[in-house]
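Student: As a plain string of letters, each chain reads:
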Amino acid sequence: MPAPVITASSLVKKYDDFTAVAGIDFDVAPGESFGLLGPNGAGKSTTMRMIGAVSTRTSGELSILGLDPNLHGPDIRSQLGVVPQQDNLDLDLRVRDNLLVYGRYFGLPRTQIAERADELLEFAQLSDRKAAKVDELSGGMKRRLTIARALINDPRILLLDEPTTGLDPQARHILWDRLFRLKERGTTLVLTTHYMDEAEQLCDRLVVVDKGQIMAEGSPASLIREYSSREVLEVRFGSDKNSEAAERVAGIGERIEVLPDRLLIYSNNGEAELEKITKLGLHPITSLVRRSSLEDVFLRLTGRSLIE
Amino acid sequence: MTATVPESARASGPDNEDARRALAAGVAPRRYGALYIVEHRIRALRGYASSAILTSLGNPIVYLFALGVGLASLVPEGIGGVSYLEFVAPALLCAAAMTVAANETTYPIVAGFKWNPIFHGMNASPIQGNQIVQGIMLFIALRMTFAVAVYYAVILAFGAVPSVWGILTVPIAVLTGMAIGLLISSYSATLKDERGQLAMVMRFGFTPMFLFSGTFFPLEQLPIYLQPIGWVSPLWHGVELGRLAAYGHDIAPWLIAVHIGYLVSIVVIGLWSTSRTVTRRLAG
Chain Z
1 MPAPVITASS
11 LVKKYDDFTA
21 VAGIDFDVAP
31 GESFGLLGPN
41 GAGKSTTMRM
51 IGAVSTRTSG
61 ELSILGLDPN
71 LHGPDIRSQL
81 GVVPQQDNLD
91 LDLRVRDNLL
101 VYGRYFGLPR
111 TQIAERADEL
121 LEFAQLSDRK
131 AAKVDELSGG
141 MKRRLTIARA
151 LINDPRILLL
161 DEPTTGLDPQ
171 ARHILWDRLF
181 RLKERGTTLV
191 LTTHYMDEAE
201 QLCDRLVVVD
211 KGQIMAEGSP
221 ASLIREYSSR
231 EVLEVRFGSD
241 KNSEAAERVA
251 GIGERIEVLP
261 DRLLIYSNNG
271 EAELEKITKL
281 GLHPITSLVR
291 RSSLEDVFLR
301 LTGRSLIE
Chain P
1001 MTATVPESAR
1011 ASGPDNEDAR
1021 RALAAGVAPR
1031 RYGALYIVEH
1041 RIRALRGYAS
1051 SAILTSLGNP
1061 IVYLFALGVG
1071 LASLVPEGIG
1081 GVSYLEFVAP
1091 ALLCAAAMTV
1101 AANETTYPIV
1111 AGFKWNPIFH
1121 GMNASPIQGN
1131 QIVQGIMLFI
1141 ALRMTFAVAV
1151 YYAVILAFGA
1161 VPSVWGILTV
1171 PIAVLTGMAI
1181 GLLISSYSAT
1191 LKDERGQLAM
1201 VMRFGFTPMF
1211 LFSGTFFPLE
1221 QLPIYLQPIG
1231 WVSPLWHGVE
1241 LGRLAAYGHD
1251 IAPWLIAVHI
1261 GYLVSIVVIG
1271 LWSTSRTVTR
1281 RLAG
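Quick note, the sequences are listed as chains Z and P, same order. Residues 1 to 308, numbered by this note's numbering, are exactly what the first sequence covers, in order. Residues 1001 to 1284, numbered by this note's numbering, are exactly what the second sequence covers, in order.
Wrong hints could be hidden among the right ones.
To be verified - Straight-line Cα separation of at most 27 Å, DSS-like style, residue types lysine-lysine; simulated pairs:
(1) Z:Lys-133 with P:Lys-1114
(2) Z:Lys-183 with P:Lys-1114
(3) P:Lys-1114 with Z:Lys-142
(4) Z:Lys-14 with P:Lys-1114
(5) P:Lys-1192 with Z:Lys-142
(6) Z:Lys-130 with P:Lys-1114
(7) Z:Lys-130 with Z:Lys-142
(8) Z:Lys-276 with P:Lys-1192
Claimed, not checked - Cβ-Cβ distance ranges computed for the label pairs, FRET-style:
(9) Z:Ala-22 with P:Val-1264: 45 to 53 Å
(10) P:Arg-1021 with Z:Ser-127: 27 to 35 Å
(11) P:Asn-1016 with Z:Asn-269: 49 to 57 Å
(12) P:Ala-1199 with Z:Asp-135: 21 to 29 Å
(13) P:Arg-1280 with Z:Ala-250: 49 to 57 Å
(14) Z:His-173 with P:Ala-1153: 32 to 40 Å
(15) P:Lys-1114 with Z:Ser-127: 26 to 34 Å
(16) P:Glu-1017 with Z:Ala-114: 53 to 61 Å
Think of the hints as simulated: they come from the structure by calculation, not from any bench. For glycine and all other residues, C-beta sits at the position ideal for the given N, C-alpha and C.
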């Protein structure tokens, strides 16, 4: 196995008396697409800022491309592409100019930057907007421009902090497609998300993070295998009847989660469990059999939903 | 906080190739980072260049007519042996520098963290916090030099500079402006929320300084208990030096040293404290 491009061990970040990251360990292999999945406030962004060699760690070890960010921040950052949670494009500049000034930060020659800027605008599907003001772009376009900007230095590692949060479904799919292409080209991706489908689509391997700690680690499929059943039966009896119904269906399926609005029954055969429920004389208002997702893994691990 | 180079950085293998590439790529930004920031700001200036040029030209003309021609007619005997126009011209030049400083170091600094958070973008690249500050300040100094030079040309056109040494009022004004700008940025860089604090700075800092720094009348005209406003004001120190250059205003040599020393010290301290604040905020 090739040497990892990122190694973190017992990584901790504290702000005054608040612990954002409470000792986490992980490695990222070159070319891998690695995800940090967790709810808001889990410490994902803080971890990303430490990997980005911007935020200094409180304790623990961190090595990026074999270098310590405390000593080699600028050197490490020269090899990274960063897509922060909140876009920080320069609103006073036009679309293409944003790429030109950013490329200069890496000390790249102007001709090379100009060439790359045009390629990246093409890649980000923004070629026809290159003279537009950043403010005039839609949210999805700004996001794609931020990604294009992050690629101006041909980074070894691309860091994406909640790349599609706040985007509409269509914009998300365009973005996923672009990110998937990068992954196919062998760019190492590290991303945080609280969207299951995003993690399942983009990550080879991920860690589930909650309250600054890693709860589980593995590929999306293996996590689902390990922490959930193949299928999930979702039944709704109406908000005030769910818990009462839960008592009556106890024993059906491998495990039951009672949520305020529905019951989740974990099983390898959802339809069969639904039949059992009907035989008990219970008639859910709605029922749905679906495959297990990372949402179920998270619920199992923390007892909470990801998006609350 | 540990600060040791991890084993893998010293070991051979593919890791080491990555590290070598990173160290090589870090050289240019470490050296020229501040200049890249200047480039960025100049490009952003294009958006408002025409209005900047217009105010650079319009302001001095208005002020020189109002004060040098209008108000001067009420002071026919002049002040300290020179005409009122000659007396007020170096002060106006320093005040013009101060205005550029205030424009560039108040809202734009808060904006860089908050409304148009370009500082965070810069810091995600190889650029470091102190380089961001140096670059921004260098750009402001350039912009200020341009504005002051235009102002000086207008002053010359009004025939308000008796001495050939008058040209020195340009660097003096820039030094004064930068001292004031760095004083303001030391504060504005700490602002996480802008709830009118900057307007207060303008009202209770900028305006009194503008009026009570021996700008429009000699500081000695003020009652003694108000004169300390002038002594602490960087503008007064700059104006005194400007008058020395413009018409040989009588100042004791030790006082010249005090004026220069005061302004230079503020620049150095302001640069240090702004850099520290910005670096810490970005590393949080």
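Student: Now tell me, hint by hint, if it's right for this structure.
Tutor: Status of the hints after comparison with the structure:
no.	hint	result
1	Z:Lys-133 with P:Lys-1114	19 Å, holds
2	Z:Lys-183 with P:Lys-1114	32 Å, violated
3	P:Lys-1114 with Z:Lys-142	17 Å, holds
4	Z:Lys-14 with P:Lys-1114	23 Å, holds
5	P:Lys-1192 with Z:Lys-142	25 Å, holds
6	Z:Lys-130 with P:Lys-1114	25 Å, holds
7	Z:Lys-130 with Z:Lys-142	12 Å, holds
8	Z:Lys-276 with P:Lys-1192	59 Å, violated
9	Z:Ala-22 with P:Val-1264: 45 to 53 Å	47 Å, holds
10	P:Arg-1021 with Z:Ser-127: 27 to 35 Å	30 Å, holds
11	P:Asn-1016 with Z:Asn-269: 49 to 57 Å	53 Å, holds
12	P:Ala-1199 with Z:Asp-135: 21 to 29 Å	25 Å, holds
13	P:Arg-1280 with Z:Ala-250: 49 to 57 Å	55 Å, holds
14	Z:His-173 with P:Ala-1153: 32 to 40 Å	58 Å, violated
15	P:Lys-1114 with Z:Ser-127: 26 to 34 Å	31 Å, holds
16	P:Glu-1017 with Z:Ala-114: 53 to 61 Å	28 Å, violated
In the structure shown, a violation is registered for the earlier hints numbered 2, 8, 14, 16, in ascending order.
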